[in-house]
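Based on the provided sequences and hints, a complete structural model is requested.
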Amino acid sequence: MGVGIQVENLNAWYGTTQSLWDINLHIPANHATALIGPSGCGKSTFVRCLNRMHETNPIARAEGVVRMGEIDIYKDASPVEIRRRIGMVFQRPNPFPTMSIYDNVASGLKLNGFRKKRVLDEVVERSLRNAALWDEVKDDLKKKSGASLSGGQQQRLCIARALAVDPEVLLMDEPASALDPVSTAKIEDLIFKLKSQYTIVIVTHNMQQAARVAENTGFFLTGKLVEFAPTTKIFTNPSDKRTEDYITGRFG
Amino acid sequence: MNEPKLIPMPQTVVTAPKMDAVPSGDAQPAQTRLAAPSVIRQFLNQKSSGRVPDGLFGGLMLICALSIFVIVLLIVFVLVRDSRLSLHAFGFKFFTGTVWDPVSGDFGALPFIYGTVVSSLLAVAMSVPLALLVAIFVLEICPQFLRGPISFLTELLAAIPSVVYGLWGVFVLVPIIRDQVGPVLEKYLGWTGFFAEPNFGVSIFTASVILAIMIFPVISSISRDVMKVVPPSQREAALALGATRWEMIRISVLRNSRIGIVGSVILGLGRALGETMAVTMVIGNHPDMMKNLFAPGYTLASVIANEFTEATGDLYLSALIEIGLALFLVTIVVNAIARLLVWAVTRGNAARAH
Amino acid sequence: MGTLPIRSAGMESALKLRRNAMNHMVTALAVIATAVVLVPLVAILGYLLYKGFSSLNLAFFTKMPVPVGETGGGMANAIIGSGVILALASVLGIPVGIGAGVYLAEYGRGRWLATAIQFTADVLNGVPSIVMGIAAYSLIVARQHHFSGLAGGVALAIMMVPTITRTTEEMLTTVPQMVREAALGLGIPKWRTVVSVSLRTAMPGIITGCMLAFARVAGETAPLLFTALGNQFFNLNLNQPMAALPLQIFTYAVSPYDEWHRLAWGGALVLIVMIMVSVTLVRVVTGRGALKGGQH
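Protein chains in written order, with our numbering: chain S, 332 to 583; chain W, 4 to 357; chain R, 5 to 300.
Among the hints, erroneous ones may be present.
Unchecked claim - From the structure, some residues in chain R lie toward chain S, with a derived Cβ separation under 7 Å:
#1 Met182
#2 Leu188
#3 Gly189
#4 Ile192
#5 Arg204
Bear in mind the hints are in silico, worked out from the structure with no lab data behind them. If you're wondering where the values come from, they're calculated on a predicted model, not measured in any experiment. For glycine and all other residues, C-beta sits at the position ideal for the given N, C-alpha and C.
Here's what the structure looks like:
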């Protein structure tokens with residue numbers, strides 16, 4: 332089951348440039364939350380702060396409080412522990428090129444030292460089924476490399492890989508931006524199904540996508556969270572002028 | 004789309020989906036019952052944060068990296084320590100003295116410096132035009148299908164061990180230079196004084212020819228790397244102005260990569276200065292400083308190779324180690340300059356180690 | 005671009021002629037240069053094959069050297085000795101080289117320390133091999149008061165390190181950052197990410213780099229002259245002087261005896277074939293077993 336995320340006064344920097352300013356936000360459990368905004372507005376930086384991927388860049392740092400349930404992820408746990416519980420799907424599909432499809436899905440467990448083969452088999456099948464990829468790859472699980480799949484399949488493989496470690500939160504950083512429309516539709520279907528079980532945060536520059544999959548939407552502009560509200564409200568009756576300008580296409 | 008079917012798992016906890024908010028549109032309500040197998044969660048929660056192994060691993064890698072510094076410092080340290088006898092005895096005179104007499108304990112390294120410098124410079128002079136022409140040929144002129152084989156063959160030259168070059172030099176090159184090349188050069192260039200009898204085949208000139216062949220792959224492949232970095236737009240600009248191919252090469256390729264080409268030449272020089280076996284086998288090993296290139300010579304590296312194991316007495320050994328120290332310092336400086344020049348051009352995609 | 009020829013109406017055709025002639029001349033020179041360079045290569049390899057093959061026989065590989073004056077004999081001890089010394093050098097040099105490369109690519113990127121180490125490695129790569137021999141002599145032989153295969157192995161190991169470091173680093177930097185992020189994002193510790201993802205992805209290139217380093221030191225003679233020294237007898241003890249193929253070739257080549265010259269040519273051919281075979285073999289072995297679509 333998913334857990335909610337509470338963000339308080341989050342600031343982030345790349346080197347000396349501040350890229351996030353005082354973000355306050357509650358992401359409810361078992362819902363999909365969309366983050367929209369023009370490129371460079373900080374929405375990607377924001378999700379990367381949620382599972383501490385931000386700090387893998389040596390010049391980047393973040394300050395503030397991020398709570399996942401009862402845990403303060405910057406104080407109470409190591410980045411590795413946090414990332415095991417908060418899965419992430421990236422903008423471009425990034426399967427491990429030297430691993431088979433099976434090993435890609437099992438990697439989160441295998442590389443953490445999980446050895447029970449029977450359980451692994453089950454987890455791989457279940458994750459691939461939940462990522463709607465099982466039927467397409469079940470015959471080449473151990474024969475083909477993850478890199479041999481098409482772009483859309485690769486992205487679903489990455490989702491399966493993230494699901495296999497049984498995360499509580501799933502962060503998706505523009506998961507469909509590099510994909511064709513058919514693959515995009517498949518990914519959206521998936522998000523729609525998965526959100527009953529996971530807390531999903533999806534970054535997108537596609538407003539229709541946000542409207543289709545998310546209950547709540549946040550609008551970012553120049554590193555600040557301008558507005559955060561139920562998706563229907565954001566798209567029909569935004570309270571901030573800048574949000575309105577953006578969703579009506581007057582800029583960005 | 005097909006709904007995922009769930010596989011029943013013993014440790015699975017099936018939870019009812021809580022659908023409290025369905026967004027707009029025609030989306031179908033999710034019917035999937037995704038289950039959380041607690042076994043996995045439990046396992047991962049028990050796993051350590053990995054901080055300790057992470058720190059150990061990173062530290063180990065750092066130690067490996069620092070060992071490169073340690074190696075260099077250690078080499079400097081032992082060379083200085085073991086040559087201090089000679090350093091004290093001769094001081095700077097060591098490098099200006101022309102007498103090398105182990106019997107009387109008088110050691111001057113000038114003849115070896117002379118042999119090293121002359122043979123290396125001559126080798127560079129012979130090798131550079133060829134290497135650059137071949138680099139230009141491979142990069143700009145030759146048809147695509149020949150590029151691979153020619154590159155491969157020139158790399159093959161680099162893979163032949165020094166001692167095999169020496170073997171070939173002793174039995175093939177030395178007779179050729181003594182009997183064929185020598186007389187011709189004497190006839191036409193004898194008046195310069197550089198090519199004169201007696202010519203036994205083993206000579207500074209022969210050593211230079213062998214060195215030229217050996218450093219050719221270094222200069223050719225690195226200058227090729229450097230020329231490759233020139234962006235196509237530069238070439239197109241020259242061609243668009245109506246330049247012929249040679250003018251294009253001269254104006255955009257050579258001009259833009261000249262710093263790196265100089266670097267590659269200096270790298271070749273560095274290689275030639277320290278080359279030991281092949282030179283030792285064909286240079287004649289006689290500490291003379293003759294204008295005649297057909298006369299035998301001696302180099303810093305070959306005197307070490309020949310006399311080190313026979314060195315009787317601490318001062319003798321110390322003098323040889325001081326020669327090693329000089330060779331080390333000179334090649335370090337030469338290589339440092341060359342690397343900086345090559346780096347300046349290929350920045351980022353660092354020049355491949357050779 | 006100031007040197008582009010300026011055309012003036014009257015000189016145009018003459019100028020054009022000269023420019024074209026120049027162009028053709030350089031092209032012709034480049035072709036000739038390439039041909040000239042291939043001559044020594046063919047000459048060396050051809051002569052080596054001719055001389056080498058005619059002097060090889062079974063005894064060459066199975067017999068010990070015989071005293072001057074007797075015919076026959078072989079280089080069994082040198083072949084084995086080379087194998088032992090190279091194995092030692094690889095065991096010492098490869099892990100250190102790969103570790104340093106990992107540090108440069110995965111931990112030190114962008115730091116001044118990493119740049120300094122890269123530079124030092126490049127410079128160390130240019131240090132003459134004979135100097136490595138002196139260093140190993142001073143560090144090991146002078147201290148133990150006897151020559152040994154161990155000292156030879158250490159000298160060769162030091163020579164392998166910078167090459168392996170730089171190729172490992174270069175290969176690791178070709179692994180896309182997003183593949184690393186995928187692993188880190190799954191909660192896999194960094195060390196495990198480096199070992200199982202970065203290194204595994206870059207492995208074919210790293211192995212090639214190790215083989216190049218191996219091939220380079222396999223033919224080295226100078227660093228062994230006063231470390232391993234050479235040995236006319238069979239010896240597997242690393243603490244004793246040890247024979248090595250390149251050393252033996254050198255000794256025989258500069259000797260005045262025809263029989264030894266014959267053995268030197270055989271040895272040279274065996275040495276080159278050994279180098280080529282080991283390089284190709286490793287490439288074939290690592291090329292196999294790759295997954296479909298695994299190589300980009």
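Comparing the hints with the structure gives:
no.	hint	result
1	Met182	holds, 4 Å
2	Leu188	holds, 6 Å
3	Gly189	holds, 4 Å
4	Ile192	holds, 5 Å
5	Arg204	holds, 5 Å
The earlier numbered hints are all upheld by this structure, with none contradicted.
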